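J.: Okay, here's what each chain looks like letter by letter:
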Amino acid sequence: MTIKEKLIILSDSAKYDASCSSSGSTRSNTNGTGNAAYSGICHSFASDGRCISLLKILMTNSCIFDCKYCINRKSNDVKRAIFTPVEICEITMNFYKRNYIEGLFLSSGIIKSPNYTMEKLIETLYLLRKKYHFNGYIHVKAIPGASEVLLKKLGTLADRVSANIELPTSNGLKLLAPNKNEDKVTNIMKTIKVNRSRSFTPAGQSTQMIVGATGETDLDILGKSENLYNNYSLKRVFYSAYIPVNKDKLLPAIKNPPLVRENRLYQADWLLRFYNYKVDDLLSHDNPNFNILIDPKADWALRHLEEYPKEINTASYYDLLKIPGIGPRNAKKIVSNRKYYKLEFNDLKKMNISLKRAKYFITCNGKYFTDTNIFNKKIIEANLVLEDKVVSNKGVQLSLFNE
Amino acid sequence: MNKIYIYDGGFISFIALVVELFKNKITPDDIKLINSYDLGLFDTEIYLKVENEQENIKLLKNKISREALYCIYNVFLSDNKNKEIIIYNFLKSYFKYGKTVFGRRNIDCVNESIQISKYVRGEAHKLKGFLRFSKMKNNFYYAKFESNNNVIGILASHFSKRLMSDNWIIHDTKRGIYAIYDKEKVIYLTDEEVISLNLEKDNEDLIEDLWKTFYKTIGIKERENKRCRQNFMPKKYWKNMLEVEDEL
Ligand code: SF4
Numbered sequence: 001m002t003i004k005e006k007l008i009i010l011s012d013s014a015k016y017d018a019s020c021s022s023s024g025s026t027r028s029n030t031n032g033t034g035n036a037a038y039s040g041i042c043h044s045f046a047s048d049g050r051c052i053s054l055l056k057i058l059m060t061n062s063c064i065f066d067c068k069y070c071i072n073r074k075s076n077d078v079k080r081a082i083f084t085p086v087e088i089c090e091i092t093m094n095f096y097k098r099n100y101i102e103g104l105f106l107s108s109g110i111i112k113s114p115n116y117t118m119e120k121l122i123e124t125l126y127l128l129r130k131k132y133h134f135n136g137y138i139h140v141k142a143i144p145g146a147s148e149v150l151l152k153k154l155g156t157l158a159d160r161v162s163a164n165i166e167l168p169t170s171n172g173l174k175l176l177a178p179n180k181n182e183d184k185v186t187n188i189m190k191t192i193k194v195n196r197s198r199s200f201t202p203a204g205q206s207t208q209m210i211v212g213a214t215g216e217t218d219l220d221i222l223g224k225s226e227n228l229y230n231n232y233s234l235k236r237v238f239y240s241a242y243i244p245v246n247k248d249k250l251l252p253a254i255k256n257p258p259l260v261r262e263n264r265l266y267q268a269d270w271l272l273r274f275y276n277y278k279v280d281d282l283l284s285h286d287n288p289n290f291n292i293l294i295d296p297k298a299d300w301a302l303r304h305l306e307e308y309p310k311e312i313n314t315a316s317y318y319d320l321l322k323i324p325g326i327g328p329r330n331a332k333k334i335v336s337n338r339k340y341y342k343l344e345f346n347d348l349k350k351m352n353i354s355l356k357r358a359k360y361f362i363t364c365n366g367k368y369f370t371d372t373n374i375f376n377k378k379i380i381e382a383n384l385v386l387e388d389k390v391v392s393n394k395g396v397q398l399s400l401f402n403e
Numbered sequence: 001m002n003k004i005y006i007y008d009g010g011f012i013s014f015i016a017l018v019v020e021l022f023k024n025k026i027t028p029d030d031i032k033l034i035n036s037y038d039l040g041l042f043d044t045e046i047y048l049k050v051e052n053e054q055e056n057i058k059l060l061k062n063k064i065s066r067e068a069l070y071c072i073y074n075v076f077l078s079d080n081k082n083k084e085i086i087i088y089n090f091l092k093s094y095f096k097y098g099k100t101v102f103g104r105r106n107i108d109c110v111n112e113s114i115q116i117s118k119y120v121r122g123e124a125h126k127l128k129g130f131l132r133f134s135k136m137k138n139n140f141y142y143a144k145f146e147s148n149n150n151v152i153g154i155l156a157s158h159f160s161k162r163l164m165s166d167n168w169i170i171h172d173t174k175r176g177i178y179a180i181y182d183k184e185k186v187i188y189l190t191d192e193e194v195i196s197l198n199l200e201k202d203n204e205d206l207i208e209d210l211w212k213t214f215y216k217t218i219g220i221k222e223r224e225n226k227r228c229r230q231n232f233m234p235k236k237y238w239k240n241m242l243e244v245e246d247e248l
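The listed protein sequences derive, respectively, from chains A and B. Residues 1 to 403 (our numbering) are what the first sequence spells out, left to right. Residues 1 to 248 (our numbering) are what the second sequence spells out, left to right.
If you're looking for bench data, these hints aren't it; they were derived computationally from the structure. Model, not experiment: these values are computed from the prediction. Take these hints with a grain of salt, some might be off.
What the hints assert, rightly or not - Simulated DEER-style distance windows between Cβ atoms:
#, chain 1, residue 1, chain 2, residue 2, range
1, B, K212, A, K112, 30 to 40 Å
2, A, E387, B, F232, 20 to 30 Å
3, B, S165, A, S197, 51 to 61 Å
4, B, G122, A, G32, 41 to 51 Å
5, B, L197, A, Y116, 21 to 31 Å
6, B, L197, A, L355, 49 to 59 Å
7, A, K389, B, S165, 45 to 55 Å
8, A, T156, B, S165, 46 to 56 Å
9, B, D209, A, S147, 49 to 59 Å
10, A, G32, B, E45, 31 to 41 Å
What the hints assert, rightly or not - Heads up, simulated EDC-like pairs for lysine to aspartate or glutamate below, C-alpha to C-alpha not over 16 Å straight-line:
#, chain 1, residue 1, chain 2, residue 2
11, A, K350, B, D108
12, A, K349, B, E112
13, A, K339, A, E311
14, B, K135, A, E90
15, B, K216, A, D48
For each residue, glycine too, the CB sits at the ideal point set by N, CA and C.
Please work from the sequences and hints to get the whole structure.
T.: Here's what the structure looks like:
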């Protein structure tokens, strides 16, 4: 099999992993090749609009397990391939020196045993770091069920180690991935949390959940995320809209991946990490799923309209963050400027703060942007939904960075 | 008459002139790079002599914060036609308000400076990712790019850390400037000075084909969103990016 054929197979089967980030590490270059950029760098964007920063591949797509949702499961009749450690190093170095990539994202199906697979991953990273003197970013997937000793070795070689929790409840996991169990994954998370340092997974850990493969609600999913953030200091939880690659009577037969739902979860996840919201603020047992028509923050605001409009010149930083359309960056701009002069709508515009959504929820110097008659739940809601439609027609809707 | 003060080189000579203007309490109507603009009917050019450029630079460095220096340097790299007078006015506000200018965006030159600085850094950050090197027969890695702002210095400093153990050349095709790194230091040459460089591509077919293959494979068909891609990766950069140049 040629290198090219292998690359096709092993990147094709790695592409469903949503993680793309290359940030959070400050590894520097000591007489070799590469360093990490703390804020991460995107080197290209794929036809699906996702950032390409790492060479995302599997070491092998062979697997002794049979997870229902996974394209690499044992019972699938697909072409199998395996990269040798040297092949992985050669491609990584050659890509890196041409500035195609920021580093390597290495994952793998499980061959022989979890420990054997881990050893192979370690061998690869060791070669890359020590023989090829590669100091760029490495994100590696730990193999659930492998020994702690091996995990600790792996962590000293990588910038980020992660293990995918895949599904928010152990019932879901039991159903679709009978040989993975939650404990195996959380054990990995524990070890990484306890050992993390400048020389051990400096960029921390992340995980991923599949959205829409089982009957779980957004509350289940986001509740799980909150729990993981709190207990294991995760950097990121990624959400991956379920794409049916296998036919199985246990799996839902859907045509299109639930991308809007995935986007809502990312938006809500952002609210948990940077906006001081709790899952309980956003969802409840009576209302366990996000509104597909409107983003979680605006939805919250509309349900608490009595707290608005907020006065830009006096609202606290955290209150500013509750204004739809205002994120941490804009809130900081407002706070640092209003010390010196009273802000009007025009001042906000000048600072490049978009008022498209915010204007319904604020006053500037006591003034509302238009007739206060429209300060009414139904009218605002209708306007926001309309604007979202315009935005999504422009194709920017799936950006995760819309404040 | 409009009094236009002329400087004749890069950032250093510009800053030295600006400091000289402040020292002598001169208010310029404009400041321009020599031979870079059309003289108007009511314009008069003034060449102010600066005795000791380095001393002026030192003076400024002691007076303003790193953040402010970073900001005006970025503005100077921009393609903004009025950048010199914006910087002059920014400094004037800085001398009045100190570090608090960054919270006074109701002052136009301050607001503009902050925005332009962000725009320059934004473009440089994109290019740190979008630059594509190919291996040359003379063992240098070579990348060419085209940008709105003059970011070659930012890129060269990024790559002199990242690719410190290789020889490379970064080429700004629009401005005709080369940054050349020989594992020790970066030197800058212009188009005319560089004709002796033998820039012939090595056989890159295999690696380039692998990269294009990876690029095609990694996109998920069920999620195709080319508009979103273009928002993040504007078309103007594509002609120097081998994985998308065919799609232009
Ligand atoms: S263990 Fe991993 S690679 Fe193997 S079938 Fe399960 S999800 Fe797929």
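J.: If a hint holds in the structure, say so; if it does not, say that too.
T.: Against the structure, the hints come out as follows:
Look at K212(B) against K112(A): about 34 Å separates their beta carbons, and that is inside 30 to 40 Å. The hinted range of 20 to 30 Å is satisfied by E387(A) and F232(B), whose Cβ atoms lie roughly 21 Å apart. Between S165(B) and S197(A) the CB atoms are about 27 Å apart, so this pair departs from the stated range of 51 to 61 Å. In this structure the hint that G122(B) and G32(A) lie 41 to 51 Å apart at CB is violated, the actual value being about 29 Å.
A beta carbon spacing of about 50 Å between L197(B) and Y116(A) contradicts the range 21 to 31 Å that was offered as a hint. About 52 Å separates the C-beta atoms of L197(B) and L355(A), a value consistent with the hinted range of 49 to 59 Å. Range check, K389(A) to S165(B): Cβ separation about 52 Å, and the 45 to 55 Å hint holds. Take T156(A) and S165(B): their Cβ atoms lie about 23 Å apart, and the range 46 to 56 Å is violated.
Distance hint for D209(B) and S147(A): a CB-CB separation of about 39 Å, inconsistent with the stated range 49 to 59 Å. Against the hinted window of 31 to 41 Å, the Cβ-Cβ separation of G32(A) and E45(B) comes to about 52 Å, which falls outside the hint. Among the hinted pairs, K350(A) with D108(B) is consistent with the structure: their alpha-carbon atoms are about 9 Å apart, no more than 16 Å. For the proposed pair K349(A) and E112(B), the alpha carbon gap of about 13 Å is at most 16 Å, so the pair holds.
Using a Cα cut-off of 16 Å, the hinted pair K339(A) and E311(A) holds, with the two alpha carbons roughly 14 Å apart. Between K135(B) and E90(A) the alpha-carbon distance is near 15 Å, which keeps this suggested pair within the 16 Å criterion. Restraint check for K216(B) and D48(A): the C-alpha separation of about 10 Å stays at or below 16 Å, so the hint holds.
Comparing the model with each earlier hint shows violations of hints 3, 4, 5, 8, 9, 10; every other hint is respected.
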